[in-house]
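Chemist: Chain by chain, the residues run as shown.
There are 2 protein chains.
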Amino acid sequence: MQESRLANLLRQEKFNEIEITSFIDTFEVVTLQKGDHILKEGQVCTFVGFVDKGLLIYYNISEDGEEKICDFAIENQWVTQYQSMSTNSKSLLSIKAIEPTILLKTTHQNLINIAEEMPRIDKYFKKMIDNFLFTMVSRTNDFQNLIAEERYSKFVKENPQLIQRLPQYYLASFLGIAPQSLSRIRKNNLR
Amino acid sequence: MQESRLANLLRQEKFNEIEITSFIDTFEVVTLQKGDHILKEGQVCTFVGFVDKGLLIYYNISEDGEEKICDFAIENQWVTQYQSMSTNSKSLLSIKAIEPTILLKTTHQNLINIAEEMPRIDKYFKKMIDNFLFTMVSRTNDFQNLIAEERYSKFVKENPQLIQRLPQYYLASFLGIAPQSLSRIRKNNLR
Chain L
1417 MQESRLANLL RQEKFNEIEI TSFIDTFEVV TLQKGDHILK EGQVCTFVGF
1467 VDKGLLIYYN ISEDGEEKIC DFAIENQWVT QYQSMSTNSK SLLSIKAIEP
1517 TILLKTTHQN LINIAEEMPR IDKYFKKMID NFLFTMVSRT NDFQNLIAEE
1567 RYSKFVKENP QLIQRLPQYY LASFLGIAPQ SLSRIRKNNL R
Chain B
1417 MQESRLANLL RQEKFNEIEI TSFIDTFEVV TLQKGDHILK EGQVCTFVGF
1467 VDKGLLIYYN ISEDGEEKIC DFAIENQWVT QYQSMSTNSK SLLSIKAIEP
1517 TILLKTTHQN LINIAEEMPR IDKYFKKMID NFLFTMVSRT NDFQNLIAEE
1567 RYSKFVKENP QLIQRLPQYY LASFLGIAPQ SLSRIRKNNL R
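If you read the protein sequences in the order shown, they are chains L and B. Mapping of the first sequence onto this note's numbering: residues 1417 to 1607, in sequence order. Mapping of the second sequence onto this note's numbering: residues 1417 to 1607, in sequence order.
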């Protein structure tokens, strides 16, 4: 598995080959079909995944039975439900693949063990959690300060590869925009 | 300063009196008038504060010169610009008192030193940062899933004491609602 995207990412982060091999050896490869879940609402999340190929969404079901997407993960991104995992509590949302997906997956316990052995892995994951926090602060600020059109434009600019892959009703839900408003915004943008 | 709100909060967290005294001795008392800043956009945040009395807002100035509030801090809450402090980078926002405020303030370096000496203080602040992250995830989800009326109702339920204290234009900005829409929602709620 050494030539995977994960190994490349860890090389970019200046880990040495011994660290990379020891770390990656704790992972297993999981193949998901479109629609397969890796976590369901009510379960406790005990894993951390890395997307080698594919696309997953974090979602919950609204009172009127609709899927409300709150986040997604694509190639080179980590996927876990951090609140459930870190507090050992039931997840408030589900995570499923919406494309055929190859996931590298390790357990929370493996991660704790390897972080104790290798302080740089520990430091790397602390940085990841901080980055996740900064992303969430930035998303909150965008909802406070930007109108729907501006949030859509920013998303397109930051995630050009996702526009073709994410179904429009998921994108609308992620951006907090009604699907018909998103259609109007996209039509206006094409003019 | 031992009988302050901060000492009480630390007692609730089961710290012993030696820990509480050692920790609180690193703080200084800062008195702020309405309008006084503790951080300005572009500065690097090097402090952590605890609100003993008063109310502060986190804000930036929009292109059309308006104050856009993204967060606030009241009694018993910590106040810092975590991203600026933890990455030693310029803050993207300012923090100022909007009521006469008494703040207990310590430096980031004091906090690092005391966390090294006292692992429970370190653990407590890690928990605080996790809680901040969970709050940000929850706020993002609310913007994705709730309409303006629902976000306002939730805010009133969770922060009843703030409705009287936070000027309406700040509340509108925090909730990502136009001031005239918030006026309409409040009028409808009073009926």
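Source of the hints: derived by calculation from the structure; they are not laboratory data. Among the hints, a few may not be true.
Calculated cross-link-like contacts (lysine to any residue; reagent style SDA-like; alpha-carbon spacing at most 20 Å) [to be verified]:
hint : chain 1 : residue 1 : chain 2 : residue 2
1    : L       : Lys1542   : B       : Thr1503
2    : L       : Lys1542   : B       : His1524
3    : B       : Lys1542   : L       : Lys1456
4    : B       : Lys1543   : L       : Ile1545
5    : L       : Lys1543   : B       : Phe1541
6    : B       : Lys1603   : B       : Gln1580
7    : B       : Lys1539   : L       : Lys1456
8    : B       : Lys1539   : L       : Ile1545
9    : L       : Lys1456   : L       : Ser1502
10   : L       : Lys1543   : B       : Ser1502
11   : B       : Lys1539   : B       : Phe1559
12   : L       : Lys1456   : B       : Ser1554
13   : B       : Lys1469   : B       : Thr1442
Pairwise CB distance ranges, derived in the manner of DEER restraints [as the list claims (entries may be wrong)]:
hint : chain 1 : residue 1 : chain 2 : residue 2 : range
14   : L       : Pro1516   : B       : Gly1451   : 53 to 61 Å
15   : B       : Gln1577   : L       : Thr1442   : 42 to 50 Å
16   : L       : Asn1504   : B       : Met1534   : 31 to 39 Å
17   : L       : Leu1425   : B       : Pro1583   : 21 to 29 Å
18   : B       : Asn1575   : L       : Phe1550   : 20 to 28 Å
19   : L       : Lys1573   : B       : Asn1476   : 37 to 45 Å
20   : L       : Ala1594   : B       : Asn1476   : 53 to 61 Å
21   : L       : Thr1437   : B       : Glu1532   : 31 to 39 Å
22   : B       : Asn1575   : L       : Glu1433   : 48 to 56 Å
23   : L       : Arg1536   : B       : Leu1578   : 36 to 44 Å
The beta carbon of each residue, even a glycine, is placed where N, CA and C say it ideally should be.
Chemist: Okay, which hints does this one fail, numbers in order?
Modeler: Structure breaks hints 3, 7, 11, 16, 17, 19 and 20.
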